[in-house]
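Protein sequence lines, in the order shown, are assigned to chains U and A.
1 is the number of the first residue of the first sequence in the numbering used here; add one for each residue after it.
1001 is the number of the first residue of the second sequence in the numbering used here; add one for each residue after it.
In case anyone wonders, no lab produced these hints; they're calculated from the structure.
A virtual CB, placed ideally from N, CA and C, is assigned to each residue, including glycine.
A couple of the hints might just be wrong.
[Stated by the list, open to error] Okay, the calculated bits of chain A under chain U, using three or more residues with CB under 8 Å as the criterion:
(1) 1167-1173
(2) 1185-1198
[What the hints assert, rightly or not] A few chain U residues that don't get close to chain A, going by computed Cβ distances all over 12 Å:
(3) 16
(4) 33
(5) 62
(6) 63
(7) 197
(8) 219
(9) 232
(10) 240
(11) 244
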Amino acid sequence: MTSAVEARGVGKVFGSGTDSVEALSDIDLSFSPGDFVSLIGPSGCGKSTLLRLIADLAQPSRGELIVNGKSPRQARLDRDYGMVFQAATLLDWRTVRKNVELPLEIMDFDAAARTARAEEMLALVQLERFADHFPWQLSGGMQQRVAIARALAFSPAILLMDEPFGALDEMTRELMQQEVLRIWEETAITVVFVTHSIPEAVFLSTRVLVMSPRPGTISEELVVDLPRRRDEDTREDPRYFKLVTEVREALRRREREHR
Amino acid sequence: MSGDGRIASSDEVGRSLPAVRRLSRRHLPAVLAFLAVVLLWEGLTRVFRVESFILSKPSEILASFVETGGTIWAAGMRTLFEAAGGFVIGATLAVLTSLAAARWAGFREGVLPLAIALNATPIAALAPIFNNWFGLTNPFSKMGVVAVVVYFPVMINTTRGLIEVDPAEVELMRSIAATPAQVMRRVQVPNALPYFFASIKVAGALSLIAAIIAEYFGGPQDVLGQYIVNRAQLFQFPDAWAAILVASIIGVVFYLLILIAERTLMPWHVSLRTEE
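Construct the entire structure; sequences and hints are all you get.
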């Protein structure tokens, strides 16, 4: 089976000469289709940069990336991935429905197909009742659910999420995590999820990649062997606590080595 | 959830009466302030026996307005024709330039600094030259001045609105592989609308000023600018003031029309958000 995302010797340097900063160095990875992979690490470890390289929103300085069997650029042009940013980035002048339809308009879907698909997506994130609201009328969590619906509207193979719940309160955050897991189960999509929350990474993922800064590298990888179906009980599972501790220790180990 | 409380009620009929009351309550302070100024003006000019050629009394102006209203309104409509014509020409050219400036960085970098410099020049001073170019009696000599006055602020602001887009929105469009034309239509143009409307609200007022100033430099006699000059020379100051009153009424109506267009085209506008 071809991997969903693959990186070989990927590095990224910002700037040039003496002012240059090595954001990523020697990244090798391979995600299988259906994986839920979290990239976790302290700020400045290059986790968002790595996601942006996968999304072809930035170019690697070294090495090669393969997304859905092709170059990141081709994958972007083929709409192989949907992206959810840290801020919901909804267009203020469009209703919820029209925001979800945006990628479909860009792809020249006809009006009937757009409407049907938007209905389906809004049902998926349970926002049917808010289809004709404007973004400012929604709470932060609801806005982010619209952004997820928009990213999934064209059925991409991969969902890229860049700290999507970073701005939400803890309660909303846990609800959103449930929501994403449900969508992941229903759509069998590959998810690459950037976060700095350890419990979030463990709760959601099948694999957690621990990153360390200066330069950004993948320092450890943990396989989360919790059952695939997760719910509120998972948060009280001893195995869950053990994995949270393992990730925390992995992050600390790196921290110590850098001092 | 937070959205629930703000959904507009479908029960519009039952709400229309309180809506009228609320509207009048909102505008009551402005109406009272206007009446107070007029009364103070009338009172002070009477108490201090101010001569009409210095400051006419509101009652005299009103009398002149009632008596010569027909002539003044006809002059006002001709002036409005020049102002509106120049406004449409100037604003259209401005929007076209802005679209080009947003599309091609090289064009923008060459033209925008020049436009900002020209915007600082008192353009009404061009009026005698335009009279020369188009002929004193040709309405285009006045429309030309108005168009130039309107052009620069609209062009500069609209261009800014087209360019100063949230980088996150541009990135979003890139992630779904949108073409530059799609980004322009779906992100840049909607983003520029508030800038555009802010500029044409200012330009609308400027267009009347420019038309009247251009008329001062000569041309047909049956326009507001010439009417004001002639009446003032004949020491008929209440008539001149009545013409100014007409000019300001036209200006206010012009402004309100732009406001209605803005609210129709931008239903998402911040000022329309109500917390009912």
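Hint by hint, here is what the structure shows:
1. A stretch counts as covered by a chain when three or more of its residues have a beta carbon under 8 Å from one of that chain; for the stretch 1167-1173 of chain A and chain U the count is 5, and the coverage holds.
2. Taking a C-beta to C-beta cut-off of 8 Å, the stretch 1185-1198 of chain A contributes 4 residues in contact with chain U, enough for the three needed, and the coverage statement holds.
3. Residue placement check: residue 16 of chain U keeps its beta carbon more than 12 Å from all beta carbons of chain A (closest about 22 Å).
4. Residue-level check passed: residue 33 of chain U sits 20 Å from the nearest beta carbon of chain A, beyond 12 Å.
5. Residue 62 of chain U, annotated as away from the interface, keeps every beta carbon of chain A farther than 12 Å; the closest lies near 23 Å.
6. Its beta-carbon lying about 22 Å from the closest one in chain A, residue 63 of chain U satisfies the requirement of being farther than 12 Å from that chain.
7. With a closest Cβ-Cβ approach of about 22 Å to chain A, residue 197 of chain U is found to remain outside the 12 Å limit, as its non-interface label requires.
8. With a least beta-carbon separation of about 28 Å from chain A, residue 219 of chain U lies farther than 12 Å from that chain, consistent with its non-interface assignment.
9. The claim that residue 232 of chain U lies off the interface holds: its Cβ sits roughly 21 Å from the closest Cβ of chain A, which is beyond the 12 Å cut-off.
10. The beta carbon of residue 240 of chain U sits about 30 Å from the closest Cβ of chain A, which is more than 12 Å, so the claim that it is off the interface holds.
11. No beta-carbon of chain A is positioned within 12 Å of the beta-carbon of residue 244 of chain U; the least distance is around 31 Å.
Of the numbered hints stated above, none is contradicted by the structure.
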